[in-house]
Structure formats: C-alpha cells, structure tokens
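Colleague: So you can see what is in the structure, the chains are spelled out below.
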Amino acid sequence: MNNIGTGDAHAGGVPAIRVVIVDDHAIFRSGLKADLDDRVTVVGEAGTVEQAIAVIAQTRPQVVLLDVHLPGGLGGGGREVISGSAALLASTRFLALSVSDAAEDVVSVIRAGARGYVTKSISGAEITDAVLRVAGGDAVFSPRLAGFVLDAFGTAPADIADDELDRLSARELEVMRLIARGYSYKEVAKELFISIKTVETHVSAVLRKLQLSSRHELTKWAAERRLL
Amino acid sequence: MTTALSRPPLVRSSDRMIAGVCAGLAAHLGWPVRMVRIGMVVAAFAGGAGLAFYAWLWIMVPTADENAKRNARRPASPIAPAVSAPGPLPVPPGFIAGPAPAAGLAEPVSRPADGRDGLADVGQPLPAGSGTSQGTAPTNPAWFRFRRMPFAKEILLGAGLLLAGGILTARMLGVDVPLGTLIPAAAILGGAAIAWMQLDETRRAGLVDKTKADQAGGWARLAAGLALVVAGVLVMVSGSGSWEQTWLALLASVAVLGGVALVLLPWGLKFWRDLEAERAGRVRATERAEIAAHLHDSVLQTLALIQRRAGNEHDVVRLARAQERELRGWLYRDPGKEAGQLSERIKAAAAEVEDSLGNAVDVVTVGDTAMTERHEALVQASREAMVNASRHGGCTVSVYLEVADGGVEVFVKDRGPGFDPQSVPADRMGVRESIVGRMKRHGGSAVISSSADGTEVRLRLPSDAADNGEGKS
Chain Z
1 MNNIGTGDAH
11 AGGVPAIRVV
21 IVDDHAIFRS
31 GLKADLDDRV
41 TVVGEAGTVE
51 QAIAVIAQTR
61 PQVVLLDVHL
71 PGGLGGGGRE
81 VISGSAALLA
91 STRFLALSVS
101 DAAEDVVSVI
111 RAGARGYVTK
121 SISGAEITDA
131 VLRVAGGDAV
141 FSPRLAGFVL
151 DAFGTAPADI
161 ADDELDRLSA
171 RELEVMRLIA
181 RGYSYKEVAK
191 ELFISIKTVE
201 THVSAVLRKL
211 QLSSRHELTK
221 WAAERRLL
Chain V
1 MTTALSRPPL
11 VRSSDRMIAG
21 VCAGLAAHLG
31 WPVRMVRIGM
41 VVAAFAGGAG
51 LAFYAWLWIM
61 VPTADENAKR
71 NARRPASPIA
81 PAVSAPGPLP
91 VPPGFIAGPA
101 PAAGLAEPVS
111 RPADGRDGLA
121 DVGQPLPAGS
131 GTSQGTAPTN
141 PAWFRFRRMP
151 FAKEILLGAG
161 LLLAGGILTA
171 RMLGVDVPLG
181 TLIPAAAILG
191 GAAIAWMQLD
201 ETRRAGLVDK
211 TKADQAGGWA
221 RLAAGLALVV
231 AGVLVMVSGS
241 GSWEQTWLAL
251 LASVAVLGGV
261 ALVLLPWGLK
271 FWRDLEAERA
281 GRVRATERAE
291 IAAHLHDSVL
301 QTLALIQRRA
311 GNEHDVVRLA
321 RAQERELRGW
331 LYRDPGKEAG
341 QLSERIKAAA
351 AEVEDSLGNA
361 VDVVTVGDTA
371 MTERHEALVQ
381 ASREAMVNAS
391 RHGGCTVSVY
401 LEVADGGVEV
411 FVKDRGPGFD
421 PQSVPADRMG
431 VRESIVGRMK
441 RHGGSAVISS
451 SADGTEVRLR
461 LPSDAADNGE
471 GKS
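Protein sequences, first through last, are from chains Z and V. Counting from 1, one number per residue, gives the positions in the first sequence under my numbering. Counting from 1, one number per residue, gives the positions in the second sequence under my numbering.
To be clear, the hints were calculated from the coordinates, so they are not data collected in a lab. It cannot be assumed that every hint is accurate.
For lysine-lysine, the following DSS-like pairs were computed, each having C-alpha atoms within a straight-line distance of at most 30 Å [to be verified]: (1) Z:Lys120 x Z:Lys190; (2) V:Lys347 x Z:Lys120; (3) Z:Lys186 x Z:Lys120; (4) Z:Lys197 x Z:Lys120; (5) Z:Lys120 x Z:Lys33; (6) Z:Lys186 x Z:Lys197; (7) Z:Lys186 x V:Lys347; (8) V:Lys440 x Z:Lys190; (9) V:Lys347 x V:Lys440; (10) Z:Lys33 x Z:Lys197; (11) Z:Lys190 x V:Lys347; (12) Z:Lys186 x Z:Lys33.
From just these sequences and the hints, can you work out the full model?
Modeller: Right under this line is the structure:
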C-alpha cells in the first residue's frame with residue numbers, strides 16, 4: 001500500500017493536523033499514535049460508536065481515522081459514526097482505516113462519506129501522508145480501493161448516453177488503473193504527463209461518483225462481494 | 001434383485017413416456033428401449049401382468065435424480081439402488097441409515113461429547129437439508145425396525161403378492177374365500193403402505209425439511225393413503241350397512257380423530273420445537289467446534305511460533321503475513337466460487353513468493369476468468385516477475401490483474417533500485433526466457449520498464465478471439 005506518495009509540501013511551519021483515532025483495539029490505537037509523525041497531533045481516541053461520536057463532537061478534529069468495524073451503536077460500525085457526525089462533515093473529514101478489505105465494508109463506509117480508505121498494514125509515514133491529503137480536501141485511494149472501483153464501475157470508459165455519475169471517464173479510468181497498479185499520485189502524474197493536482201482532482205471526482213452514484217449494480221456488487 | 005455389478009444401476013430414466021421405467025430397464029439390461037416397451041405392452045394384455053410389473057417397478061425403482069442424491073450420501077453400495085435398505089452391514093442402535101452419511105465428510109473435528117445418540121449428521125456443519133433430517137427418525141421406531149432387515153420391503157411385497165395370487169387360485173379352485181373381509185383389509189394395508197412409502201429415504205428429507213417445495217406430493221400421498229384406510233375401515237365395520245349408517249360412522253370417526261388431534265397437538269408441537277431447538281444447538285456446537293479447531297490449527301500455532309522467534313523480526317513478519325493471509329482466506333472466501341479461477345492462481349503465486357522471499361506481495365484483481373493453458377503460462381510468467389521484484393526490489397511488490405474482454409493484463413511493480421533490461425547477462429534466464437519468451441510463445445507480450453524509482457513488468461495476454469494489440473498505457 002505505498003501509493004500515498006512520499007514527499008509532501010505540508011512540512012515546515014504549518015500547524016499540525018488535529019486527528020481523532022477511532023478503533024476498538026487499544027493496542028492498535030497506541031501503536032498508531034506512536035507511528036504518526038509530528039505533522040499530526042492526536043487530540044482524542046475512541047473505542048466505540050457512542051464514544052466516537054461524543055469525542056468528535058467535542059474535539060472537532062480535522063481528520064478522523066476511523067476503523068470500519070466498531071462495537072456499540074446499532075451495529076453499523078464506522079458508517080454509523082459518520083452518519084452520527086453528519087453535522088460536522090463540512091469541517092471534519094473521515095479516513096477509513098481497516099484490517100478488513102472486504103469490498104462491502106469499504107464501499108459502505110466510503111458511501112457514508114469517508115474521504116478515503118487505507119489498510120492498517122501501511123506504515124506510519126504513509127498514514128500521515130494520507131491524513132494530510134484528506135485534510136487538504138483530497139481523496140485517498142489505496143490500490144485495493146481503486147481495484148474495487150474498477151470492478152464496480154467496469155473497465156470500459158463512459159458512453160455519452162450514460163448518466164455521468166454511473167461511469168468513469170477515460171482519464172479517471174487511467175488514474176484508477178495506475179493507482180491499482182501501485183503507483184503513487186506523483187508517479188501517476190508523471191506517467192500521464194499531468195500535474196499532481198490534476199490527479200487529485202480526478203481521484204476526488206471518482207470518490208464523488210462512488211459516493212453519489214445510484215448505480216444499482218454498485219450496491220448489488222458490494223453486497224455480493226464477500227471476497228478479498 | 002441380484003444385479004450384476006457391471007450393469008448400470010436400475011433407475012427410472014428421465015427420458016420417459018410414463019414414468020421412465022422402460023427406458024431405465026432397457027439401460028439396465030442393455031436392451032433396446034423399443035423392445036422393452038413393446039414387451040411391456042404385450043405383457044399388459046397377458047392378464048395385466050405387464051401393468052403390475054410396471055407399477056411395481058414404478059414404486060420400487062428410484063429416479064436417476066433420487067439415486068444420485070442417495071449415492072452422494074452413501075458411497076457405492078453393491079446392492080441395486082432400488083433397495084433402500086442399508087445392506088448387510090450390522091446397524092448399531094440409533095443409526096438409522098447406516099454410517100454412510102458421515103463418511104463423505106470425514107472432518108478432523110472432535111464431535112461434541114453430548115452427541116450421545118450418535119447421529120450421523122453431527123459432523124455436518126451447515127447444510128440443514130438432507131443429513132439433518134435423519135434426526136427425526138428415532139421418533140419413529142416402526143420405520144426403524146422396518147429398515148433393519150435387508151430387503152424387508154421386497155420380501156413384504158412379495159409375500160403380499162403371493163398371498164393375493166394364492167387367494168385368486170384358491171377361488172378358481174372353488175374354495176370359498178371371504179372376499180368381503182379381505183378386500184377392505186387389503187385396502188387398509190395398501191393405504192398404510194402408501195402413507196409409509198413417503199418416508200422413503202429421499203422423501204423423508206422433503207417431509208422434514210420445510211424449505212423443500214416437494215411437499216405437495218407428499219401430502220397428496222398421505223391424503224390418498226388416509227382415504228384408502230378410512231374407506232377400508234368403514235366398509236369393513238359397516239359391512240353391508242346402509243348409507244345412513246356409513247355416514248354416521250364416518251362422522252363419528254372424524255369427530256374422534258379431531259378430538260385425538262386436539263389433545264395431542266400441543267404435545268406434538270412442543271416435541272417438534274424441542275427437536276428443532278436441539279438440532280439448532282447441535283449445529284451451533286458443531287460450528288463452534290469447527291472454528292475452534294481451525295483457530296487452534298492455524299492462529300494459535302502461529303502465535304506460539306512468533307513467541308519463539310520473537311528475536312527475528314524478519315521471521316515474525318513473515319509468519320504474521322502468512323497467517324493473516326490464511327485467516328483472511330478462511331473468513332472471506334466465497335464458497336460458491338470454484339478454485340480454478342485466474343485471480344486465485346495469481347494470489348496463490350503471490351502468497352508463495354511472499355512466503356519464500358519475505359517481502360509482502362499485494363495483489364489487486366479486477367474481473368476474473370477460468371484458467372486455460374495460456375493463462376497457466378501467464379501465471380508462471382507473473383510468478384517469475386514477482387520473484388524478481390521481491391528479490392531485487394527488496395520491498396513490497398504490487399501486483400495488479402485486470403481481466404477484460406480484450407484480454408488479460410498483469411502488472412508487477414516494485415520500488416527497488418531498478419535495472420537496465422538490455423544489460424541483463426545472456427545467461428540469466430529469468431527475465432528473457434521465463435517472462436518475455438514465455439509470453440511471446442503464448443501469443444502475449446511482456447514489457448519491462450525500469451527506472452531509479454522501481455521496476456514494472458507489464459504482461460499482456462490477448463483473448464483468443466480479439467487480437468487487437470494495445471488497450472492502453
């Protein structure tokens with residue numbers, strides 16, 4: 001999972017990003033806290049859905065690192081935390097962090113409003129980069145999430161007749177393919193001769209489609225998929 | 001019923017005119033179907049012998065479907081499939097259909113200790129269909145005794161037929177046989193037999209398993225049997241009585257039956273529910289035992305290994321990765337998906353490389369297809385590329401498989417120091433032969449691009465139909 005790019009422009013005098021970590025395993029939370037570098041500060045932690053909603057409302061972090069599977073609430077896990085914090089969605093961004101890469105989990109939390117998804121096995125530096133990217137308003141796609149998107153939307157480019165939300169454009173497809181192949185945003189930009197900003201725009205557009213598309217195949221597809 | 005073993009089993013064929021008896025018989029005996037059919041018709045005119053024989057076979061011989069189902073549960077029995085008795089095996093008390101159902105699912109799962117009745121379905125995890133239905137049999141001792149004797153059904157039927165024949169002969173010889181009593185008695189016996197018949201092995205499942213749609217037939221059969229028995233009893237009891245009396249008797253018997261049902265219903269329901277609860281509990285216990293066994297064999301063993309090797313970071317990471325992969329496969333694997341798919345093979349190759357070289361290999365797949373010989377070559381080439389990437393790149397390897405209409409593409413990327421593909425010594429077979437050459441031989445292509453930021457191997461295998469060069473990139 002090393003697509004999230006390495007060098008980032010945010011270092012230096014920029015104030016640290018305020019982050020809340022939501023995960024039901026205390027060991028994982030403390031490990032992650034130790035892994036994150038000083039470009040972010042952890043302002044709160046939570047282990048259940050109720051705690052998470054309370055802590056997020058209280059601390060108003062910029063980014064929430066959110067586990068997909070959480071105890072408590074109505075059993076909805078991370079999805080429920082996002083919908084419970086809907087009022088803050090304008091200022092707080094959610095980055096899904098999961099050990100499960102079952103498609104239905106990932107897609108459901110993205111559709112609830114998360115700005116990206118990374119697996120728990122990636123390094124602290126990579127998670128930090130992902131947090132910064134999400135805080136900056138961009139989307140974070142792991143190779144696997146890009147693979148899910150390609151699987152769900154199909155690998156053929158959009159026809160004009162299709163609803164704009166239901167298909168990916170040829171460029172978006174190219175970007176998704178490169179991310180699925182393990183390219184970082186920087187490498188994608190280099191490969192396609194476009195700027196990193198443009199790559200980020202494409203990825204955000206795909207995220208929007210993933211969240212808003214009413215394409216019934218998408219939901220059906222996510223429900224059917226129990227495999228990796 | 002002493003069938004030669006070399007013959008195909010006697011089953012009712014699906015290629016049928018009435019019930020598939022003739023076709024089945026023809027297949028069994030190796031005679032032409034037409035001849036068997038003509039013979040049957042001719043025999044039918046000989047005092048109805050053909051009809052009787054046909055009806056007998058219809059009743060006694062299972063359809064091909066039923067037979068297949070039965071054989072799936074019971075490994076090849078030397079006895080003709082028509083004989084549903086458990087064969088000459090001594091049947092321990094409590095075992096109804098012999099030990100066969102368990103044989104197909106020999107699992108290393110320790111059975112729960114409370115499986116005292118030794119039901120064969122204890123070892124069966126999920127399908128609550130066929131096997132589980134055996135659980136109801138202990139409530140049915142008559143059935144059970146009936147089953148214990150091999151060929152019981154055949155002997156019984158033969159005895160009945162002999163009796164009927166004897167009576168007919170006796171009448172012809174002028175002996176006075178009380179037909180007025182015998183016919184109702186025969187009706188009762190026949191009705192009971194029909195009702196019992198539906199407890200025939202395959203239908204028992206349908207009767208017990210509520211999800212089966214086969215119930216209508218079962219109920220019709222039961223109703224027919226009941227009607228026959230009731231009619232027989234009535235005729236017997238009322239003798240040559242008037243309609244009035246018969247009507248009254250019918251009413252009275254219905255009332256009595258209703259009363260009995262009313263009294264027994266709550267008890268019966270309770271019994272049924274207990275049975276269901278017990279069965280569900282047993283299924284749960286089995287599942288838990290299976291999960292425990294799996295965790296013990298995999299996760300606990302790995303954790304023990306990790307504790308012993310705590311000093312060696314490389315080993316610990318490798319063990320953890322391998323265990324994660326195994327557990328993930330076990331938890332999320334799609335049981336409906338067969339194993340011979342391309343994505344599975346690529347993942348298996350990645351797992352192998354990961355295990356042998358220690359660097360993580362992440363696989364992302366889009367689409368899937370069944371394996372062919374050409375795909376086998378693609379998998380081999382991909383594996384070689386992964387080995388190179390892991391060995392020379394020295395860090396995480398990304399693998400991406402995309403199956404589209406035009407063909408299959410595999411990308412293997414690492415972030416190692418890179419190399420110049422042109423400068424690879426001629427004696428190094430890895431890249432030249434195993435990747436590029438192999439892909440070319442199977443009508444595909446391999447492109448290797450390497451820079452200081454890493455190396456990517458792109459393998460492309462067009463589908464047989466469309467050989468349209470490049471898709472993208």
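Colleague: Failing hints, ascending?
Modeller: none
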